[in-house]
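Visitor: The primary structure of each chain is shown beneath.
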Amino acid sequence: MCETCGCGEPGEFTIHNHNHDHYHNHEHHHDQGHDLTHEHSHEHEHDGHKHSHSHAHPEKKVINLNMDILAENNRLADQNRDYFEEKHILCLNLVSSPGSGKTSILEKTIRSMIASRKIFVIEGDQQTTRDAERIEKSGAPAIQINTGSGCHLDAKMISLALEKLAITDNSILFIENVGNLVCPALFDLGEQKRVVVISVTEGDDKPLKYPYMFCSSHLCIINKTDLLPYVDFNTEAAMNYARQINPDMKFILMSAKTGEGIQEWIDWVCSQKI
Amino acid sequence: MHELSLALEVIDMAGREAEKNDVTIIREIVIEIGYLSGVEANAFELALDLLVKDSILENAVKQIIRTPGKGRCMACDLEFEIKQMLSACPECHCYPSEISGGREFRVVSITGE
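In order, the protein sequences belong to chains A and B.
Whatever position you read off the first sequence (first residue = 1), add 373 for the numbering used here.
Whatever position you read off the second sequence (first residue = 1), add 66 for the numbering used here.
Any given hint could be a false lead.
[What the hints assert, rightly or not] Only pairs whose alpha carbons sit at most 27 Å apart, straight line, appear in this in silico DSS-like list of lysine-lysine: (1) Lys136(B) to Lys433(A); (2) Lys582(A) to Lys460(A); (3) Lys136(B) to Lys623(A); (4) Lys128(B) to Lys433(A); (5) Lys491(A) to Lys510(A); (6) Lys119(B) to Lys529(A); (7) Lys582(A) to Lys149(B); (8) Lys149(B) to Lys433(A).
[Unchecked claim] Derived Cβ-Cβ restraints for the label pairs, each shown as a range: (9) Val127(B) to Asp605(A): 42 to 52 Å; (10) Ile131(B) to Asn607(A): 36 to 46 Å; (11) Arg616(A) to Glu106(B): 18 to 28 Å; (12) Leu152(B) to Gly472(A): 23 to 33 Å; (13) Glu157(B) to Val435(A): 40 to 50 Å.
Derived from the structure by calculation, the hints contain no laboratory data.
Virtual Cβ for every residue (Gly too), placed ideally from N, Cα, C.
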């Protein structure tokens with residue numbers, strides 16, 4: 374349940390849309406037509422043994438499914454992805470531990486880019502709308518998903534948030550995932566690229582400890598570089614560890630506080646093809 | 067933990083497929099959890115045990131199959147079994163250049179009447 378406005382029930386996620394009209398609201402249609410079929414089922418009937426007495430007994434059926442348990446999430450993610458492609462929206466999923474600086478990075482990014490690009494943000498946290506409020510203050514419309522006891526965003530939540538956010542064509546959508554380096558790794562949201570953020574206060578062996586997240590990401594931002602003089606963080610080692618997990622990983626060294634690396638990040642964002 | 071939401075999805079999936087196939091009681095469910103799937107098998111089993119009460123899987127026997135991945139060493143080309151990320155070649159201790167399999171997470175079958 375949301376402690377800000379009391380909506381929702383325990384165990385459910387809630388979506389808050391208290392944003393002001395930053396841009397013109399265009400009509401949009403969320404495509405429902407895309408359908409991915411992963412399933413096939415065969416029915417085997419066992420012949421069973423013969424009985425001499427008259428009453429029937431139910432026969433056991435083995436139903437071979439071979440169904441991917443994440444199929445439904447992946448179907449919705451693909452649907453989201455098709456929607457983004459159709460509207461020329463660049464969607465980036467930002468993942469990290471809590472406190473690595475994702476929201477600060479987004480605030481800086483929005484302030485730098487808002488004059489030339491329309492930006493929208495979906496925020497994910499267990500509770501509060503604090504991050505969405507920060508994003509709003511920096512100039513972009515934001516919608517907050519509260520997962521309650523949930524530990525990750527999934528494609529269904531994004532799909533529902535998109536219906537409320539009214540994203541315009543040719544814009545950029547940043548999804549700031551729940552702060553968690555474990556669970557979000559498994560859940561495709563429909564993003565084009567996934568960006569993992571680590572800060573120099575977290576230890577340079579982070580990629581080794583959380584390989585699934587680093588394996589599934591395209592760019593690694595190493596944030597809070599302004600604190601390097603005060604911590605034992607070996608940047609070269611961190612990048613090498615990440616490359617062991619993901620040889621194609623790209624890196625940006627950043628301090629959202631001082632602005633170092635922000636332009637390189639913006640250049641990377643602008644260079645992404647939809 | 068995400069294993070809770072995954073367990074819920076399995077229960078929903080079992081219910082849907084049982085209904086499609088006119089099965090009202092599920093006696094057994096076989097689930098494959100690849101070692102590299104990112105799913106913690108013990109946590110998933112625990113979550114499933116907690117959540118099956120009053121569901122179609124309440125009396126089903128669970129069979130969990132674990133499957134490893136296969137890696138090919140980037141140095142000596144040896145193919146070896148992988149049960150966790152960052153597994154090195156048993157011969158020369160280099161890392162694999164490619165990994166296949168081991169990432170499945172699926173319901174293999176349900177048996178019922």
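Visitor: Sort out whether Lys433(A) lies within 27 Å of Lys149(B), counting only the CA atoms.
Guide: Roughly 34 Å separates the two Cα atoms, so the pair is violated.
Visitor: Are Lys491(A) and Lys510(A) close enough, with their CA atoms no more than 27 Å apart?
Guide: Roughly 15 Å separates the two Cα atoms, so the pair holds.
Visitor: Using the beta carbons of Val127(B) and Asp605(A), state whether their distance is inside 42 to 52 Å or not.
Guide: 51 Å, holds
Visitor: Could you check the hint for me, namely that Leu152(B) and Gly472(A) are 23 to 33 Å apart, CB to CB?
Guide: 25 Å, holds
Visitor: Take a quick look at whether Lys582(A) and Lys460(A) sit within 27 Å of each other, Cα to Cα.
Guide: 37 Å, violated
Visitor: Is 18 to 28 Å right for how far apart the beta carbons of Arg616(A) and Glu106(B) are?
Guide: 26 Å, holds
Visitor: Are the Cα atoms of Lys582(A) and Lys149(B) separated by 27 Å or less?
Guide: 15 Å, holds
Visitor: Take a quick look at whether Lys119(B) and Lys529(A) sit within 27 Å of each other, Cα to Cα.
Guide: The given pair, whose Cα atoms are some 25 Å apart, holds under the 27 Å limit.
Visitor: Using the beta carbons of Glu157(B) and Val435(A), state whether their distance is inside 40 to 50 Å or not.
Guide: This hint holds: roughly 41 Å between Cβ atoms.
Visitor: Is 36 to 46 Å right for how far apart the beta carbons of Ile131(B) and Asn607(A) are?
Guide: 41 Å, holds
Visitor: Decide if the proposed pair is consistent with the structure: Lys136(B) and Lys433(A), CA atoms, cutoff 27 Å inclusive.
Guide: Measuring from Cα to Cα gives roughly 36 Å; hence the hint is violated.
Visitor: Is the straight-line distance between the alpha-carbon of Lys128(B) and that of Lys433(A) 27 Å or less?
Guide: Since the Cα atoms of Lys128(B) and Lys433(A) sit roughly 16 Å apart, the hinted pair holds (cutoff 27 Å).
Consistency note: the structure conflicts with the earlier hints numbered 1, 2 and 8.
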